[in-house]
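There are 4 protein chains.
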Amino acid sequence: MTHRIAILGASGYTGAELVRLIAQHPNMEIAALSGERKAGMTMAEVFPHLRHMDLPPLCRIEDMDFTGIDLCFCALPHKTSQEVIRDLPANLKIVDLSADFRLRDPAAYKQWYGSDHAAPEIQDEAVYGLTEFYRDDIAAARLVAGTGCNAATGQYALRPLISAGVIDLDEIVLDLKCAVSGAGRSLKENLLHAELSEGYNAYSFGGTHRHLGEFDQEFSKLAGRPVRVQFTPHLIPANRGILATVYVRGDARQVHDTLCSAYESEPFLRMLPFGEAPSTHHVRGSNFCHLGVAADRIEGRAIVFAALDNLTKGSSGQALQNANLMLGEQETLGLMMAPLFP
Amino acid sequence: MTHRIAILGASGYTGAELVRLIAQHPNMEIAALSGERKAGMTMAEVFPHLRHMDLPPLCRIEDMDFTGIDLCFCALPHKTSQEVIRDLPANLKIVDLSADFRLRDPAAYKQWYGSDHAAPEIQDEAVYGLTEFYRDDIAAARLVAGTGCNAATGQYALRPLISAGVIDLDEIVLDLKCAVSGAGRSLKENLLHAELSEGYNAYSFGGTHRHLGEFDQEFSKLAGRPVRVQFTPHLIPANRGILATVYVRGDARQVHDTLCSAYESEPFLRMLPFGEAPSTHHVRGSNFCHLGVAADRIEGRAIVFAALDNLTKGSSGQALQNANLMLGEQETLGLMMAPLFP
Amino acid sequence: MTHRIAILGASGYTGAELVRLIAQHPNMEIAALSGERKAGMTMAEVFPHLRHMDLPPLCRIEDMDFTGIDLCFCALPHKTSQEVIRDLPANLKIVDLSADFRLRDPAAYKQWYGSDHAAPEIQDEAVYGLTEFYRDDIAAARLVAGTGCNAATGQYALRPLISAGVIDLDEIVLDLKCAVSGAGRSLKENLLHAELSEGYNAYSFGGTHRHLGEFDQEFSKLAGRPVRVQFTPHLIPANRGILATVYVRGDARQVHDTLCSAYESEPFLRMLPFGEAPSTHHVRGSNFCHLGVAADRIEGRAIVFAALDNLTKGSSGQALQNANLMLGEQETLGLMMAPLFP
Amino acid sequence: MTHRIAILGASGYTGAELVRLIAQHPNMEIAALSGERKAGMTMAEVFPHLRHMDLPPLCRIEDMDFTGIDLCFCALPHKTSQEVIRDLPANLKIVDLSADFRLRDPAAYKQWYGSDHAAPEIQDEAVYGLTEFYRDDIAAARLVAGTGCNAATGQYALRPLISAGVIDLDEIVLDLKCAVSGAGRSLKENLLHAELSEGYNAYSFGGTHRHLGEFDQEFSKLAGRPVRVQFTPHLIPANRGILATVYVRGDARQVHDTLCSAYESEPFLRMLPFGEAPSTHHVRGSNFCHLGVAADRIEGRAIVFAALDNLTKGSSGQALQNANLMLGEQETLGLMMAPLFP
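Chains as they are written, first to last, in this note's numbering: chain A, 18 to 359; chain B, 18 to 359; chain C, 18 to 359; chain D, 18 to 359.
Among the clues, some could well be false.
Same chains, same names: a pair is fine if it fits in one copy or spans any two.
[Claimed, not checked] Here are the simulated lysine to any residue pairs, SDA-like style, with alpha carbons at most 25 Å apart:
id	residue 1	residue 2
1	K238	E316
2	K110	R121
3	K205	M58
4	K55	Y220
5	K96	P284
Worth flagging that the hints you see were computed from the coordinates, not collected in a lab.
Let's have the full structure, built from the sequences with the hints guiding it.
In structure tokens form, the structure reads like this:
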């Protein structure tokens, strides 16, 4: 049976990545695509790499017919997403890739995003979309909120350790290295090739990055008490990839064992042998997350590394993984492609 | 039915690309992998991006058991390939990715490669592997010789034009821009990141590049008289991609029409509207070749552009396309994945 | 004696490059800087790489005091430049880096730039700024029009050959590979890192690129009859550099000899031995242009290569070289720094 | 007065960088260059970006005449350097860029470098070359040991803080992001463009990187008790640059104030305003180090950022700065060039 899929916001990178992935999915077909500023254009005009596909043209959301749509991906900007989703048919299954439904607490939402939520009742209904940890909820959900790509990376490195109590909860430092596509297809000076290539720097440091809202919510929930991590993202001259270097206090072997046990049956989370570190080179374009653990020379300190592709496992691949669950398909369907290297 | 596949030379880029592609092929499984210098290692050690796959370890060719192998890809270095293939079981279907069986004429082989061929009798049997132009021969062949990646790009731009007689055969200039993976995983100073990134230059110019042997052979055969093109390749700071800018004399509209007609039913060769030029960005990691034609302001001159991924359509994707034909499968099976962008 | 310098349009790349170069010039000091949209900001805010310098803040042009300014560089956008320069003090020495004063013929200006010139009387007075060929005129000029960066590269490869009559004037093909900073600090989707890195494509092909106006003007003047070249620029994923691959008809040795003779005493134009090709890697950040000549296998055809840094020799370095002449300084003063490699 | 300079190991990146810098130095001239494997070649052949310079050809060290040489830079590989320097004329001033003379304690040397030192008596004589902190010793020294590039970056971030006692000495985490030229011109698979570009990973993590020997020596000396930092370097797809993200415990404002005071008169160490972070983009090709400090949301934690160019301030620029002192020149002579951006 083929599921009919709509994508809102198909003119951005996560929208295009969804199209790329669904193109390889045996049981999905793309029935409708929206793109506000590019309505009326074909996808081949907006994304020439998709020109071989037979796709519907981009339309405006208000012109989209949701009859017969089985699931809708929303790849719209933050704040826009909540208003659009509020007005979609109430029985439509939705995977939202924006930040709008990730935080459960309206006060936390306001703290991190600066305004009241436009659809608090739906916010309450949404399920947090970190598949490996919310499988059953996601399978039963109508609305799933895709996680932040940095938030996903950090959580893969840390959740089992927090649950198992094998690290010091007050001594967690996340140093993230992020590729540029995470910033979207936005016209900003610092995202120009001439400004970005051949150099790198920290951004949104000091506790200001919005994905901290997700870390706080999820880690505190896991620990049963407030957990606040230190988080410093850096912009790296590459197009895809997130590498988390996570400094923790605990026994490195135990840390490795804990992650190995937790991820033993996970199809997409791959543990490296103890003492090895992953590279973003080796996950590009795939739905895999590679994880490694090493001991530091200072006793009682361990380093956890996690690498994934922000557009795939960090965003659109995760979204498709969740959609598979929501539609009763095998979780891995259409997602087992190997990374592109070199 | 699942075909059992062997890959010789799996520790190079084209070998790894074959594994990546076959991983997505519904009717093939990898039964054996060789890698001389890395025999005994797992593919995960040699190519960590393949660590999620359940693959046989790398062995030496002499230790490989070809019983039950349906088809063997040879991704070995030039000159090595001919000696190895000469000694393989005589009934084994083979797709060779090296340069060893591309040229029919032993004298031409000696001219371009500097020594006598070690297996001239097999050289004669091999079919030139430019799928779209040798389909029937390939389907019936035991040994198919994959084309040079530059040679494929140039031929896609030119073959229908030469056949149709719509361009001046003595006035063809191919200016190629090649990404670095075409040089293989070889330890050369000019391939280091520090030497290559952020700059570019011509190489093997002036009529010395070996792929000219293929152009000469194929274009002369098509034209029924000697055709010698001018060919200048350039090394560009990117990992995948070839862009051919081909300067021809003829009516640009007629040139466009001729290519459109020739490629109308081709699944992988995609013509852009008249006056548009393709980009290597939009074919990365895929088996597509995008082609465009524009008129110059000087009357009677046209520019033909062709863009493909050297490792996929230019090499391993082509090899798999040929293998599909040789094994009675649909030509496009496992090859319709969308390009990776950005 | 120290010359007091003003730079209009200091918030763009050529403006910043002027500041970088003048910082190393023993006899110049920066007295005033303008930047319309960034007026009021310091240069350290706009270009943090200049934070160690003691520079005047950016002001609006109308707020700039030209008293005591010895020379003014205009690095303003096309069309803006002509209006601003028209209204500057009539005795102020000016080096303009825009396209506004490059073409002598008002009709040609209108053809390539799409509107009438706002200051045709000054247009007539301006001297074309290709230093090596207009030295005396430049030394005596009040207003020098910097050349296009592509136009400079092509002319270095071709002017002596056209003058000497050693190539066929109707058979010149310029295939250019240009780095992205030539497009300026402009917010365009195709200039984003995510869109540009790792791929490449032709642009403004077919005879539409505005630098053809300069080629036509200069080459026809040299030849004493109309000369129209074929010109195809390509955008390459690098920040600095232009490589011209020029296909000509003539004796390659004679071509090489002609260029060697012409450039024998030139401090910045460096001929490579016959048969070698330059790389943009080796001129980055410098005022040098490296040139090479090779014979093709097809008799009577030669390839001329020229490589330079578009922001230095192609623009701001050229401007400073001209300013030196206009101010009675040694032409090479402050410009002999070695390229940055790697 | 012009000092006559010899460079041993001129065929590597730091050797070439020395030549580039000395080319702009008013009071130095290059009198002799060695390069073992490339002896007999010209620098233009080995480094075409230096082809405009009039340089002595590369010779073997045993063929070099040290008569009249005022100072010798040794840019030789580790271990080779100590043997060569041991046998150089005893009164020759030397700046060594290798690791051989950085550690004072023979046991520490053996621990980090795996063998006994070949010239322990000279090891004892050498002065550690971190200019800003050893000025007087360097001015009086015969042999100065250039620091590790990572070691320099980390020390600029931390030394004044350790001296002033404003941070917790047991809670220092250095996360470094290093560009590829730091690995030298070495033929290693992971340094190939195809392997490195577009991805990144940690290396020599867990306390195994040799520059820890320098951190241990210097920080412990400063503190008067053992200090051991946690240090994780990462390889980033860029050619030049080191960014240190240093996690410390202390009052962020006090940390900023302490660094501002310490570096107030330093020509090359530039403090950013509180709350801002530097980028490697803005120091490329220069001798500047940009530093920033920010507070984390977790009270009592601060982040110190330091960015420099590993080949310039981290190595050859530092060496020249030291040579200036040793030769009685102004410390900044020939080193005030602005960074290259973009």
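Classify it for me, K96 with P284: is the Cα-Cα distance of at most 25 Å met within a copy, between copies, both or neither?
-> Result: close neither inside a copy nor across copies, 33 Å intra and 41 Å inter.
With identical chains treated as interchangeable, where does the CA-CA distance between K110 and R121 reach 25 Å or less: within a copy, between copies, both, or neither?
-> Close inside one copy (19 Å), not across copies (59 Å); limit 25 Å.
Identical-chain pair category, K55 with Y220, by Cα at 25 Å | For K55 and Y220, the Cα distance is within 25 Å only across copies (22 Å; inside one copy 30 Å).
With identical chains treated as interchangeable, where does the CA-CA distance between K205 and M58 reach 25 Å or less: within a copy, between copies, both, or neither?
-> both (24 Å within a copy, 18 Å between copies)
When no copy is named, should K238 and E316 be tagged within, between, both, or neither for a Cα gap of at most 25 Å?
-> This pair counts as between: shortest inter-copy Cα distance 22 Å, intra-copy 29 Å.
The structure fails to meet hint 5 from the earlier list, while all remaining hints are met.
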